[in-house]
Every structure is written in structure tokens, then in C-alpha cells.
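2 protein chains.
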Amino acid sequence: VAKQIGKREPPLTFKAILERARKTGKIKQPRVAVAAAHDEVVLEVVCDAQTQGFAQPLLFGDEVRIREMAKRRRIQLGSCEIIACGSDRAAARKATEAASSGDADVLMKGVVTTGTLMKAALDSEVGIKTTGLMSHVAMIETDYFKRMLFMADGGIVIEPDLEQKVEIIRNSVAVARALGVTLPKVALISSIETVNLGMKSAVDAAIVSKMADRGQITGAIVDGPLAFDNAVSPEAAALKGVGGPVAGQADIVIVSHTDVGNVMYKALTYLCPPHVRTAGVIVGGRVPMVVVSRVDTYDARLNSIAVACVLAGVR
Amino acid sequence: VAKQIGKREPPLTFKAILERARKTGKIKQPRVAVAAAHDEVVLEVVCDAQTQGFAQPLLFGDEVRIREMAKRRRIQLGSCEIIACGSDRAAARKATEAASSGDADVLMKGVVTTGTLMKAALDSEVGIKTTGLMSHVAMIETDYFKRMLFMADGGIVIEPDLEQKVEIIRNSVAVARALGVTLPKVALISSIETVNLGMKSAVDAAIVSKMADRGQITGAIVDGPLAFDNAVSPEAAALKGVGGPVAGQADIVIVSHTDVGNVMYKALTYLCPPHVRTAGVIVGGRVPMVVVSRVDTYDARLNSIAVACVLAGVR
Chain A
46 VAKQIGKREP
56 PLTFKAILER
66 ARKTGKIKQP
76 RVAVAAAHDE
86 VVLEVVCDAQ
96 TQGFAQPLLF
106 GDEVRIREMA
116 KRRRIQLGSC
126 EIIACGSDRA
136 AARKATEAAS
146 SGDADVLMKG
156 VVTTGTLMKA
166 ALDSEVGIKT
176 TGLMSHVAMI
186 ETDYFKRMLF
196 MADGGIVIEP
206 DLEQKVEIIR
216 NSVAVARALG
226 VTLPKVALIS
236 SIETVNLGMK
246 SAVDAAIVSK
256 MADRGQITGA
266 IVDGPLAFDN
276 AVSPEAAALK
286 GVGGPVAGQA
296 DIVIVSHTDV
306 GNVMYKALTY
316 LCPPHVRTAG
326 VIVGGRVPMV
336 VVSRVDTYDA
346 RLNSIAVACV
356 LAGVR
Chain B
46 VAKQIGKREP
56 PLTFKAILER
66 ARKTGKIKQP
76 RVAVAAAHDE
86 VVLEVVCDAQ
96 TQGFAQPLLF
106 GDEVRIREMA
116 KRRRIQLGSC
126 EIIACGSDRA
136 AARKATEAAS
146 SGDADVLMKG
156 VVTTGTLMKA
166 ALDSEVGIKT
176 TGLMSHVAMI
186 ETDYFKRMLF
196 MADGGIVIEP
206 DLEQKVEIIR
216 NSVAVARALG
226 VTLPKVALIS
236 SIETVNLGMK
246 SAVDAAIVSK
256 MADRGQITGA
266 IVDGPLAFDN
276 AVSPEAAALK
286 GVGGPVAGQA
296 DIVIVSHTDV
306 GNVMYKALTY
316 LCPPHVRTAG
326 VIVGGRVPMV
336 VVSRVDTYDA
346 RLNSIAVACV
356 LAGVR
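Heads up: the sequence lines are chains A and B, in that order.
Residue numbers are given in our numbering: position 49 of the first sequence equals residue 94, and the series is strictly consecutive.
Residue numbers are given in our numbering: position 16 of the second sequence equals residue 61, and the series is strictly consecutive.
Read the hints as simulated data drawn from the structure, not as lab findings.
These numbers were taken from a predicted model, which means no experiment stands behind them.
Honestly, I wouldn't trust all of these hints.
Each pair may be met inside one copy or between any two copies, as identical chains are not told apart.
To be verified - With a straight-line cut-off of 27 angstroms between C-alpha atoms, the simulated DSSO-like cross-links for lysine-lysine are:
# : residue 1 : residue 2
1 : LYS164    : LYS285
2 : LYS285    : LYS255
3 : LYS191    : LYS68
4 : LYS73     : LYS174
5 : LYS174    : LYS164
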């Protein structure tokens, strides 16, 4: 109990996650299957992850273009394995197949669309789907906030129903715990902290929060509805008189719609760029997935690979 | 047409808005009816607005406590008018009545709850409601973004239907234009920029965007669905190949649910506090309303009063 109440590791940072990924990599480097790797931006970051010693890339795609791009951009392919594929769709399927068969530990999106890769990932034959829900977990670190903030689902499950919300919580709690947050505090976010019966996000939060009280969600402390301010700020919670075990101390915020999470991390990234660092993974499948895109920063891409590799190592 | 295409005033900032409010105040100071003004935080900011010369406060509430608080905190009541009210509810009704009868130009929330004040504002007898929808418009300025960003509705209309979305756009366009953004560019925000038929925010955005194309929304350039990144960043729009007249240049972002807007400005405010400045007003009624709360910063409160006073002057 003592361990549950107060003790916590030193604050989780992306720096610490990268360190951990490199350290673990000295023993065993997770194999990262990249779907459609013939892209300079993609090649650069996966090869850096290899150079830094935490990933072993398996490059599925157009071998000729991969070699050309690497030469032109002086990217060290090193011991990257290249698996030639005839099309982006084939690359998505073969990379996914590697992940589902155990030949790869992480699945990463290259220049294939997220839709095409998710289709392969969810495919009954080659896919990596298990009985659980696959959902997105974002991580956000800023220069002015004391801890790593996890957020779900800003990417995959558009408007989760109650069962999906529970699975989204379980997935994000698993990620936070694997990264060292012993007993994460989970805030179910709405616009307000009172249970407004006309607001679905508030009503759902009340239901899910009570499910957690009854032991239907474990390994985390769950409360809601909370507004974002009283979820993360003890001062805002005190000023508004909001109590409970999560108010002001949330490690994980669960949002009611992808629009909420999507706008949240994009607003931070685009309106305060120098002070915000992010990562994102899709979990709930056989292996963690990285689906960063060209518009993400280099750091967001590298952080995401590191997070996925640490998760792959913990499994 | 030339004027519509490129010409724009110098960038709109809160500093410029405060200047304009002070300048206009030299001719005529809008009367700000404060509902339940017996609160130090409220008194301080409305009296500062008076000292700075842009507002004439009408303080509805507990006169004894107002005078005590002012004395204790050395707040200059100056020529503030105090209207004694027996309860917070009475203060809300009387302040609203002043606004609806023309005795006040701005309605501001004191320590009464937003619910109580909105009930008075929407009351058929004393209220300030007109035929239009009342909705919230937030304004966000950061040290790293080139222009003032307007956002609606993060506060009042929980999950607007199509007609309400159109009215929310009209309200926010009216605010932006009154503050000097000649022809605002409006982005209808979803998680993605393609019309995903399973995502209501994207489908609604497509419909409303086409309504604007057909001239059903005027005074602004409207496009959507856009994701937040390709709405505000020309680089993100280019990388994702998103075209159109708004991509990368949005002045106004319209969100699909109060949760989206609420989390957006709270995430910025609480995760990057030194670089973010905000304001918020409720418009669409007979007078603009200010509903800032104790958790808002002093600057957010003062900026909101200044915005409301400028809007009251433009009417």
C-alpha cells in the first residue's frame, strides 16, 4: 500500500525513455518493421534509431529507391535489412505479417497511408489484432509542466462507446506502467467537472469512474468527469473546490472524441513549438505501432520509436 | 476584390485591443454590469478596467461586502456604481435586466455560477437573448504564432447541430471583423482533412463549407474539414497536400464540441503558461458577455473585458 500511495520513480521524460531504449538495446534491439520505407524522412529517423543502438530496422519497400535515397542523403543503412516489395500495399501487408508472426517487435508506418496500414494491421489473416481494442496513446512533455502527460485516444477510435473507453483506459494505463508510472492517475475529461446530464462526455465519465471504484478497472486510480484545468492543476482544482484522488494530479487524460485529443496536441505543437515534445504509439495489438507522419517533428518521430521499443522490450 | 484578397491591418494583439479600448474609452466608456460583484478577484479587475479608462462598472451585489473588500484590498472603487442586491440570483437578474434595458453595454459574471447567469441571460422577461444563438468565442495569442486565433465554441453550445454551427461561425466572424480582421478565414476542424463519412465533425464541416461556397455564410472565407495542423500551418498543409483558401491561414477555428475547445485553450494555458494569452466572450445576445472565472489569469480577465468593451463600442 505504501508503494501505491506515494512512491514514484524520478519524473518520466523523453530523455529518460531514450536512455532506457539505448540501455535495453545493448542486450536486445527490437526489430522495427517499416511499412513502405522508401522515404528520406522515414529512413533518416529509423537509421538514427539503429545508430543510437535501440532499434533494428526491417525496411519493407522499394529497394532501389531506398538505396538511392540513403546514398543521396548519406544515411547509414548499416545492418538494416531491406525486404523488396512491389507496392505500398504489399509493403504494409508484409511488414504487418512480420509483426504478427514474431519476426518483428514493432510495426512502423512509412509512406503508406495510415488507412492502408491499419487495414493490414486489422486484417484477419496477416494482422496484429488480438481480442483487445487497438487505440492510440499520445505522450506530451512541456517545459512548464512537472510530469509526462499521457493522452488517449486522439488518433484511432473516433468516438468511443463505454466499452471502448474502458479499453482505451486499460491500454493507456499499460503504456504508462510499462514506462515506469507505478500507479497512474487517470482523468476522464469533459468540459466541466459536474455531471451535466445533457453532456455525454460527462455522463460517460461518471459511469466509467464508478466502474473503476467497483474494481472493474485496475492498476490505476480513475476519476471523472474532470475539466482539463482541474485534472492537471492542483491550484485550479482547489479554486473550483474539486476533490478526489485524481484532481490536479492526472498522469493520463482520457478524451471523449479523437477531435479533442487531436486538437490538443496539435495546438500545443503548433502554437508553442519550442516548449513541447511529443510521442505517439498505437497499442492493444500484438506489437506496438508507430504511425508518425511527415508533419511530425524529427524528435516526435524518434521519441515515438523509442517508446515503442521500450514497450516491445517490456512485453 | 483587391481589398478582400490580401490587405490586412497590422496583426491583432491583446496589447492593441487594450489600446483601442482605452482610446475609445476617452469618448465613451461602456457600462459593465457585474452580476454578484462581491469578490476580490472580480472587483480588482473591473476597477482596474475603470482606472485604465475603458469601462464604467455597475456593481450588482452585496454592497457592504463590496465596500469592505475594496477597503481591505485597497481597490479604488472610484465612480463605480453599486446596486445592492439581496442574493446572487437577484444580482444576476438585475445585472441582466440592466443589459437588456440598455442601462449597461456589457454583462459580466461575478461570483454567481455561469449556470445562474446564463439562466438570467436566456430568460424571456429580463434576458438579453435575441433571435440569434448565443455562443462563446475564445481568443488565443501565443509568442510563437503569427496571428490572433479565434476559437468557437469552447464554452456554451455543447455539441452544436448544423444550424448552430452556422450561427457559431456567424458570431465568431462578427467578433473577428469588429476587432479588425477584415475578411477572416474560418477552418471547420476535424481530426482529419478528408471527408471521413464515419466522422460527424468531418461530414458536418463538408456541409457547412459548401453552404459558405453557395453564399449562405458571408463576410468570411470558410473551409473544412481541416485538421488543426493544416488549418494553422502552411508547412503542414503543404506537406499533406491540403489546398484551398483557408489551409494554413485560419484566423478562426470552429470545433465540433465544447470539449474540443475547452481542452484546447486549457491545455495551452496550463501546459505552456508563460507564452499564452487568452480572452473569452459570449456573443449573440443584446450585449457581449464576459464569463471569466477565478481560475482564469488576471490578464485573461482584463483582456476579456477589453474585448467586450470594444465590441460594445462597435455595435
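Hints versus structure:
In this assembly of identical chains, the alpha carbons of LYS164 and LYS285 lie at most 27 angstroms apart only when taken from different copies (20 angstroms versus 45 angstroms within one copy). For the identical chains of this complex, LYS285 and LYS255 are intra-copy neighbours only, at 22 angstroms inside a copy versus 42 angstroms across copies, given an alpha-carbon limit of 27 angstroms. With identical chains, the CA atoms of LYS191 and LYS68 are at most 27 angstroms apart within one copy only, with a shortest distance of 25 angstroms there and 41 angstroms across copies. In this assembly of identical chains, LYS73 and LYS174 lie within 27 angstroms of each other by CA distance solely inside one copy; the values are 24 angstroms within and 66 angstroms between copies.
Taking the closest pair of Cα atoms, LYS174 and LYS164 come within 27 angstroms of each other only inside a single copy of the chain (11 angstroms); across copies the shortest separation is 49 angstroms, beyond that limit.
Checked against the numbered hints above, the structure violates none of them.
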